[in-house]
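Following the hints, complete the assembly by docking chain B onto the known chain A.
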Amino acid sequence: MKELKRTIAIGALLFLLPWILFAESREVYLSDETLCDQIANYTTDIRLDTERNLIIGSELLTWTNTSEKPTETMWFHLYWNAFQNNMSTFIRERALEGRPIPQFSKDDWGYCRVSSINMIKIEAEEVFDLTPFMEFRQPDDNNILDQTVFTVELPEPLEPGQTVTLQIDFHAKVPRPISRTGVYKDYYFIAQWFPKVGVYQDGIWNCHQYHAHSEYFADYGTYDVKITLPSSYIVGATGEQREKKVNGDGTTTYRFVQHSVHDFAWTASPHFRVHRETFQFAPGNSTEITLLLQPYHKRLKDRYMNAVKHAIKYASLWYGNYPYTTVTCVDPAYNSHSGGMEYPTFFTGGAYFLDPPGSGSPESVTIHEFGHGYFFGLVGSNEFEHAWMDEGLTSFLDTEIYYTAYGQPYMTKRYFGIPFLFKNAPIPIELDEYQGVSGYRRMSDRDDMQRFSWQFMNGESYTANVYFKAELMLRTLKRYLGPEIFARMIKDYSEKWWCAHPKPKDFYDTVAAHAGQDMSWFLDQFIYGSENLDYAVTAIENRKPRRPKGWFDGIYRERAQDQFSPPAYESEVLVRRLGGVCIPVDVLIVFEDGRELREHWDGQYRWKKFIYSGPVGIKQAIVDPDFKLVLDINRTNNSWVVEPEGLSPWKWTSTWLLWLQYALECLKFFGS
Amino acid sequence: MKFWINFLKGFHLTRKTARLVLLLFVINLIAALILAIPMYNSLKDSFGHSLVGNRMAKGFDTLWWEEFHDQSEGFEQTFTPFILGKGAILENLEMLVQIKFFELPPIIIIFGLAYILLHTFLAGGILAVFNKEPPRFSMTTFLSDAAHYFLRFFLITLVSWIFFFGLTGSLNHWFNSIVNRVAEHAFSEITPFYISLFFNLITFFLILLFRMVFDYSRIAIVADSEKNILKAVATAIGFVIKNPGSTLSLFYTVFAANVVVTLFFNLVRSFIPQTNAVGVLSAFIFQQMFIFAVVWVRCWLYASQLELYKYIPKEV
Chain A
1 MKELKRTIAI GALLFLLPWI LFAESREVYL SDETLCDQIA NYTTDIRLDT
51 ERNLIIGSEL LTWTNTSEKP TETMWFHLYW NAFQNNMSTF IRERALEGRP
101 IPQFSKDDWG YCRVSSINMI KIEAEEVFDL TPFMEFRQPD DNNILDQTVF
151 TVELPEPLEP GQTVTLQIDF HAKVPRPISR TGVYKDYYFI AQWFPKVGVY
201 QDGIWNCHQY HAHSEYFADY GTYDVKITLP SSYIVGATGE QREKKVNGDG
251 TTTYRFVQHS VHDFAWTASP HFRVHRETFQ FAPGNSTEIT LLLQPYHKRL
301 KDRYMNAVKH AIKYASLWYG NYPYTTVTCV DPAYNSHSGG MEYPTFFTGG
351 AYFLDPPGSG SPESVTIHEF GHGYFFGLVG SNEFEHAWMD EGLTSFLDTE
401 IYYTAYGQPY MTKRYFGIPF LFKNAPIPIE LDEYQGVSGY RRMSDRDDMQ
451 RFSWQFMNGE SYTANVYFKA ELMLRTLKRY LGPEIFARMI KDYSEKWWCA
501 HPKPKDFYDT VAAHAGQDMS WFLDQFIYGS ENLDYAVTAI ENRKPRRPKG
551 WFDGIYRERA QDQFSPPAYE SEVLVRRLGG VCIPVDVLIV FEDGRELREH
601 WDGQYRWKKF IYSGPVGIKQ AIVDPDFKLV LDINRTNNSW VVEPEGLSPW
651 KWTSTWLLWL QYALECLKFF GS
Chain B
673 MKFWINFLKG FHLTRKTARL VLLLFVINLI AALILAIPMY NSLKDSFGHS
723 LVGNRMAKGF DTLWWEEFHD QSEGFEQTFT PFILGKGAIL ENLEMLVQIK
773 FFELPPIIII FGLAYILLHT FLAGGILAVF NKEPPRFSMT TFLSDAAHYF
823 LRFFLITLVS WIFFFGLTGS LNHWFNSIVN RVAEHAFSEI TPFYISLFFN
873 LITFFLILLF RMVFDYSRIA IVADSEKNIL KAVATAIGFV IKNPGSTLSL
923 FYTVFAANVV VTLFFNLVRS FIPQTNAVGV LSAFIFQQMF IFAVVWVRCW
973 LYASQLELYK YIPKEV
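Listed in order, the protein sequences are those of chains A and B.
Each residue of the first sequence is one higher than the one before, starting from 1 at the first, in the numbering used here.
Each residue of the second sequence is one higher than the one before, starting from 673 at the first, in the numbering used here.
Here chain A stands alone, though its shape is the one from the complex:
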């Protein structure tokens, strides 16, 4: 590892040299202290042509082989080519699922074209043109019309620890908004827009095509990006704004720099209302929050800002101090389809101008997208291959923070475009922010949680497993281990794996270390399994014991008499495991005299009877009384009351009756 770090340091030094040799008056930023190994460093200079919606520029990529094996090729993403026609894998997969195919005119499609790739050899002061060695690849589906991944052959193998410097000239056509990128009117949201090197891991290139349901994976590095565009635009981006230079030709150049990140996204619009605040989230730790707000959402300013603050504060407390000096929250423009997405130090929220407090919007999405900064950003989970390790953990984070900061949200519905809050119907945390449990219940047996993103049965199953089931699994784990152990575990997992691209096994190891036991038996059932979890109390019987009758010889007569001591009860509780998932569970028995008894069942066999005899019968029984198993798909059958409450059906039928009676009166409009 020391050797590796040394070679990375040399690599970083070499990173400076090409600019001295080949660039004109370019300043290069490199932090003295970086959080992560700077493996893929980009110095980019681009110009946004707002007339033609084109991005034209070049990037200087300095990349270090951190694997133990040499490589003869380099793999790159060209994500925007997913939007260049309707035959890309991205569009095809959407179409196969029955989702609408974008009705784009020729001018609406977007792409990214590499004009040239030159390898710069510093020591030899040589430049190799690698452009002829570019080749599009389709590692996932052999769709020859998909051009979202390309490779270049290197003139000679790049040995472990060696660094290569490539100058890539490119131009990219900004598409109409699609998949959180594009231009709508004069609002630009630019993400996944530049030729981006894949990840060389364990001697294999991890560089997947752009799929309908997959997100991203990249190595850490320093991004030093200059963006030139018309001066009327306000710009926000990943990292710190280091410069703003008015060029005199009606354009302005912004320079953003950030180390220890694995992506760079930016936005531009003349309409942003910019709000900045420095927020001290822990003693000695602060960050500058920038909120880029749409003018028509000005009433939501404080709610956005407070949500970001809550997110930073609690995430720092629970997952490690937020390490960057900036964070930018973008309120996406209407129709831009750029809401609810995360990039390092930069994310988009999303809101409707009338969203009332208590509806969860825009707070929930704001917290969620900020939270990605941990499991997508800092931890660097592979979203192509282990999407749950980002989405699931982030969903868990966002729910925990939301409920801590705001309490329960309420069911909300819009009538005539006006949102109404139903305070009679709060959404408990176990419900996973409304529809989470429902989605999981419908889809949990379709797929395992651990699948490559594009290999899920459909989008609904992807969402249900990767987001909902993963979050519910974590909440179940939290309640199973106890909040203290879980808190230590999740913080340790987060901090330990910063900048390290953990895999599921690493998560397993962290859980085991804190649980004090191998937890594979628990995790496997959810991560690599698709069985349901459903425990139920299916019967309680209170019986008077039978008076001894028949032939009893000698001592057996006395024994039988001893056992029968009226008016005692014989009571029996039948608990069943209706699902395939098996987790030890508690059963709470409440007797008619108020006495409580807590039993433990290993859940191994399909059912268990608990039998008691005593002066009174059983009043009720609850399996999983502490609601630890949030993943239980049917909570209603978890309890059994001998004498059920008779009022509820009357009460709710009466409530529904009113709706129906009023509906009938409204229907009369059409007949009398």
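Misleading hints may appear alongside valid ones.
Partner residues aside, some chain A positions facing chain B, computed with beta carbon under 10 Å [to be verified]:
| # | residue |
| --- | --- |
| 1 | 403 |
| 2 | 405 |
| 3 | 435 |
| 4 | 495 |
| 5 | 496 |
| 6 | 655 |
| 7 | 656 |
| 8 | 660 |
Treat the hints as calculated values from the structure; they're not laboratory data.
Here a beta-carbon is modelled for each residue, glycine too, at the ideal position from N, C-alpha and C.
For chain B alone, coordinates are given in the frame of chain A:
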């Protein structure tokens, strides 16, 4: 102030025929109970022996509801948190204005159509009661009058559907396409919101207007013994056009009374705790008083309109 006199007269007439209002209310209740019984059974089955029943006695358990919703089908799907409190009114109002009744489960649509048919039948009896001098209600006469006018009223209903579903439905469709087009190119969601709200108001106004016109068509059939339904519709349209002030003022005053009743009901009902049998019974009784009031207001409107129609001299 023609409308004001007839507004009061209508109220007086309705008061004098309170038994009629009671009958219509009972019909509403019985009709609703036909579906409420299976709903009661579904809820009872779902609560079963579970502690959920206890929780639902105290408040609304959203966790249970999602399970119920995921497992249920048909008319049970209409049991949502959005029927609570103001939701019961808003859900129906939006369905009315945006003609969304056809999105309801088929069993409720079929039931609703049967209910419309039943009220098409009853409308003849109602107007005949108010048309009598002095107004009086007897079940035999009521039913025989209802049967007497039924065919013509049924045809009127069919014609009205051309306006309600054909015209308003097409208009809604057109409005929606305009809103979608505007939304597609709008700078913010605010523009489509206000346009949509404006269109909803227009639609609502039109639905009310059509209702008023067809009320007068039925009135013309009863008051003028008009046999030709198209002539009745034409007479009604002519009447409304010639007397826009009186007809609209009367209609909207009664409509305002409906709004007041609804607001009052929603306000008061929220204070009735339904955590025990007395609370549930009180809420039920109060709900029925509300529906009775709604039925009353509908009869009041008919009576007032009939009075106005008779009050204003016709051209010979």
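Hint by hint, here is what the structure shows:
Interface restraint check for residue 403(A): the shortest CB-CB distance to chain B comes to about 14 Å, outside 10 Å, so the restraint is violated. Interface hint status for residue 405(A): violated, as the beta-carbon distance to the closest one in chain B is roughly 20 Å, over 10 Å. Interface restraint check: residue 435(A) against chain B, minimum CB-CB distance 8 Å, threshold 10 Å, status holds. Using the Cβ-Cβ criterion of 10 Å, the hint placing residue 495(A) at the interface with chain B is not satisfied: the shortest such distance is roughly 34 Å.
Interface restraint check for residue 496(A): the shortest CB-CB distance to chain B comes to about 35 Å, outside 10 Å, so the restraint is violated. Because the smallest distance between the Cβ of residue 655(A) and any Cβ of chain B comes to about 7 Å, under 10 Å, the interface hint for this residue holds. With a cut of 10 Å, the hint placing residue 656(A) at the interface with chain B holds, because the nearest CB-to-CB distance is about 5 Å. The interface hint given for residue 660(A) is met, as the beta carbon of that residue sits about 5 Å from the closest beta carbon of chain B, less than 10 Å.
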